[in-house]
Amino acid sequence: MIEIRNLDFSYKKSPVFSNINLSLPEGSIYGLLGENGVGKTTLLKLICGLLRPKHGTVSVDGLTAHDRLPEMLQRIVILPDEVSLPDNSTPQRYVNELMPFYPNFAQGTFLHLMQELEVEPDRKFREMSFGQQKKSLIAATLSLGTDYVLFDEPTNGLDIPSKAQFRAILSRRFEERNTIIISTHQVKDVENLIDPIVILSNSGVLLDASVQRIQQKLFFEYGGEQRPDALYSEMQPGGFLNVIPNTTGEESQLNIEALFNAVLRNKNIIREIGLTPNPSPREKGAAADKETNMSNQ
Amino acid sequence: MNNTFDIKRFCRLVWHDVRSCPKEYITSGLSLALTFSPLMVLSQQLLGNDYTHGTFYRLVLMIGMVTWWALMVPSNVYPNMGNKKRGIYFAMLPATKAEKHASIATVMVLMAVVLTAIGLTVDVLLTAVHLPGYTKYFWQSQTFQLIDLPMVVGSVLAFLGPVFGMIWANTLTKNNLRLTMMVLMFLWMIGMLYAPPLFFDGKPQAYWIVIAVEVAVTLFLLWLSRWRMDHMTY
Numbered sequence: 000m001i002e003i004r005n006l007d008f009s010y011k012k013s014p015v016f017s018n019i020n021l022s023l024p025e026g027s028i029y030g031l032l033g034e035n036g037v038g039k040t041t042l043l044k045l046i047c048g049l050l051r052p053k054h055g056t057v058s059v060d061g062l063t064a065h066d067r068l069p070e071m072l073q074r075i076v077i078l079p080d081e082v083s084l085p086d087n088s089t090p091q092r093y094v095n096e097l098m099p100f101y102p103n104f105a106q107g108t109f110l111h112l113m114q115e116l117e118v119e120p121d122r123k124f125r126e127m128s129f130g131q132q133k134k135s136l137i138a139a140t141l142s143l144g145t146d147y148v149l150f151d152e153p154t155n156g157l158d159i160p161s162k163a164q165f166r167a168i169l170s171r172r173f174e175e176r177n178t179i180i181i182s183t184h185q186v187k188d189v190e191n192l193i194d195p196i197v198i199l200s201n202s203g204v205l206l207d208a209s210v211q212r213i214q215q216k217l218f219f220e221y222g223g224e225q226r227p228d229a230l231y232s233e234m235q236p237g238g239f240l241n242v243i244p245n246t247t248g249e250e251s252q253l254n255i256e257a258l259f260n261a262v263l264r265n266k267n268i269i270r271e272i273g274l275t276p277n278p279s280p281r282e283k284g285a286a287a288d289k290e291t292n293m294s295n296q
Numbered sequence: 000m001n002n003t004f005d006i007k008r009f010c011r012l013v014w015h016d017v018r019s020c021p022k023e024y025i026t027s028g029l030s031l032a033l034t035f036s037p038l039m040v041l042s043q044q045l046l047g048n049d050y051t052h053g054t055f056y057r058l059v060l061m062i063g064m065v066t067w068w069a070l071m072v073p074s075n076v077y078p079n080m081g082n083k084k085r086g087i088y089f090a091m092l093p094a095t096k097a098e099k100h101a102s103i104a105t106v107m108v109l110m111a112v113v114l115t116a117i118g119l120t121v122d123v124l125l126t127a128v129h130l131p132g133y134t135k136y137f138w139q140s141q142t143f144q145l146i147d148l149p150m151v152v153g154s155v156l157a158f159l160g161p162v163f164g165m166i167w168a169n170t171l172t173k174n175n176l177r178l179t180m181m182v183l184m185f186l187w188m189i190g191m192l193y194a195p196p197l198f199f200d201g202k203p204q205a206y207w208i209v210i211a212v213e214v215a216v217t218l219f220l221l222w223l224s225r226w227r228m229d230h231m232t233y
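So the sequences go chain by chain: F and C.
Numbered per numbering that gives the first Met the number 0, the first sequence spans residues 0 to 296.
Numbered per numbering that gives the first Met the number 0, the second sequence spans residues 0 to 233.
Source of the hints: derived by calculation from the structure; they are not laboratory data.
Positions of the beta carbon are idealized from the N, C-alpha and C atoms, including for glycine.
Certain hints may be false.
Have a look at the derived ranges for each label pair, beta carbon to beta carbon [stated by the list, open to error]:
1. Glu175(F) <-> Thr120(C): 55 to 63 Å
2. Tyr10(F) <-> Trp222(C): 23 to 31 Å
3. Trp222(C) <-> Gly107(F): 40 to 48 Å
4. Val123(C) <-> Asn87(F): 31 to 39 Å
Just some of the chain C residues that point at chain F, by a computed CB distance under 8 Å [as the list claims (entries may be wrong)]:
5. Arg8
6. Arg11
7. His15
8. Ser19
9. Lys22
10. Thr26
11. Gly28
12. Ile87
13. Lys96
14. His100
15. Arg225
16. Thr232
Produce the complete structure using the sequences and hints provided.
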């Protein structure tokens, strides 16, 4: 389980997170969404210990992330958005170097995934396109046999068939003991895959809920008129898509982009209907301080 | 799972590092050899064995070249540990920070030992074929007979200090600063390699002053590089 408690983080004088609390139990594919610059990549790096919190703790199965102990590093792997690979190496050589450090590494899985993604394991990285390099790394990452897999914009650079393959592979290979976190802007690429959904903003976690809970609380109405009570409306072919509070209990098909926009524009309502995690006493204090400061101004 | 220093994992890490970039070792080693060998041969022909310590300085020059190579190559093998993109791979390898630190130092020392052995073999071969200027084997040099413990210790420390200095320099994110540090380490190493022989005709106790300085600098650089590796973020 990944536990984030009272996390404060800033880059020099630019604050990124202030007092974030988040629990990510195993057994889910989390979608980490947020606007540019809210700190999605930073959060992934904090989870795998590549960054050190200013205050608070980030732990993976009880192990402090920034200690980067071998026990934790064997359980977690991150695939960053931008990768720098040794030009002369090949995917097979790359995994050969990693293999001794990951006891659950499965060569058969690696070869199978490479075949499925149509990349040759013995071709040099320098002879590959960015998309092929990315596919090689996806195959390598999923073959390591770690419990936690963090993807930062995994579908960037993938062509349309590869995106579908990525979704299929992830759904098929996902096991109960796994925790996968996908940070992305390309929500369409991972729709029907991510559940729960976490939406970050500069002020903290705006939404942390399962798809089922979101559907219980919000209704996505397709093809009607624009509704004045909608949290978010968007014109689409055939009418408006309205996101409204679900008062009937009827279930509707989730549209993640519309959800994202609705959440960003209606932070208080989202909190009121119970899709935002309950603030800790310290968070409440910080919020009260903020309000006091604003009223003083 | 052992979260402290594990010797098996450490050996795996050393092996991983040695075999990860063989091409870098070979190409840079060859280019350095091609650049410096003619200079060495030429200087030997000019100085010959008439110069009191000629054969000995030939040895010092060769070892200096080899150790510099051993120090420089890891900056390619561990490409910018401080680099936000490229450093992630190394940072996420399941091994302790101490094991990673020790493995880099070990690889550098191993490479220097291997290359020194190759260099000495070449030197012996050149002498064996009576290349002009190469009239004496290095161990027949008058100065070689005078090698003593302080000098050996001093030479080892002269190499170990820059090893840790280079590890630290490799973790720096700014290229200019890294290059500056590397040049300083180079000057330090050359200076320290030459310092003990310079005292041959002087006071022997001066060795120990040099060695004391070397110990202090080496320990400081060891601490600095280790601290930096512990606190590096990406």
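Status of each hint after checking the structure:
For the pair Glu175(F) and Thr120(C), the supplied restraint of 55 to 63 Å holds, since their beta-carbon distance comes to about 59 Å. For the pair Tyr10(F) and Trp222(C), the beta carbons lie near 27 Å from each other, so the given range of 23 to 31 Å is met. Distance hint check for Trp222(C) and Gly107(F): the Cβ-Cβ separation is about 45 Å, which falls inside the suggested range of 40 to 48 Å. Range check, Val123(C) to Asn87(F): about 34 Å between beta-carbon atoms, so the 31 to 39 Å window is met.
For Arg8(C), the interface hint holds, the least distance from its beta-carbon to any beta-carbon of chain F being 7 Å, beneath 8 Å. At its closest, the beta carbon of Arg11(C) sits 5 Å from a beta carbon of chain F; the interface hint therefore holds under the 8 Å criterion. The criterion of a C-beta within 8 Å of any C-beta in chain F is met by His15(C), whose closest approach is roughly 6 Å, and the hint holds. Nearest Cβ of chain F to the Cβ of Ser19(C): about 6 Å, under the 8 Å cut. The hint holds.
Proximity of Lys22(C) to chain F holds as hinted, the smallest CB-CB distance being about 6 Å (cut-off 8 Å). Hint status for Thr26(C) relative to chain F: violated, with the closest Cβ pair at about 11 Å, above 8 Å. Evaluation of the Gly28(C) hint against chain F yields a violated restraint, the C-beta minimum of about 16 Å exceeding 8 Å. This hint holds: Ile87(C) has a C-beta 6 Å from the nearest C-beta of chain F, less than the 8 Å allowed.
For Lys96(C), the suggested interface contact is upheld, since its CB lies about 7 Å from the closest CB of chain F, less than 8 Å. Look at His100(C): its Cβ only gets to about 13 Å from chain F, farther than 8 Å, so that hint breaks. With a least beta-carbon distance of about 14 Å to chain F, the hint placing Arg225(C) at the interface is violated under the 8 Å criterion. For Thr232(C), the interface hint holds, since its Cβ comes within 8 Å of a Cβ in chain F; the closest pair sits about 5 Å apart.
The structure fails to meet hints 10, 11, 14, 15 from the earlier list, while all remaining hints are met.
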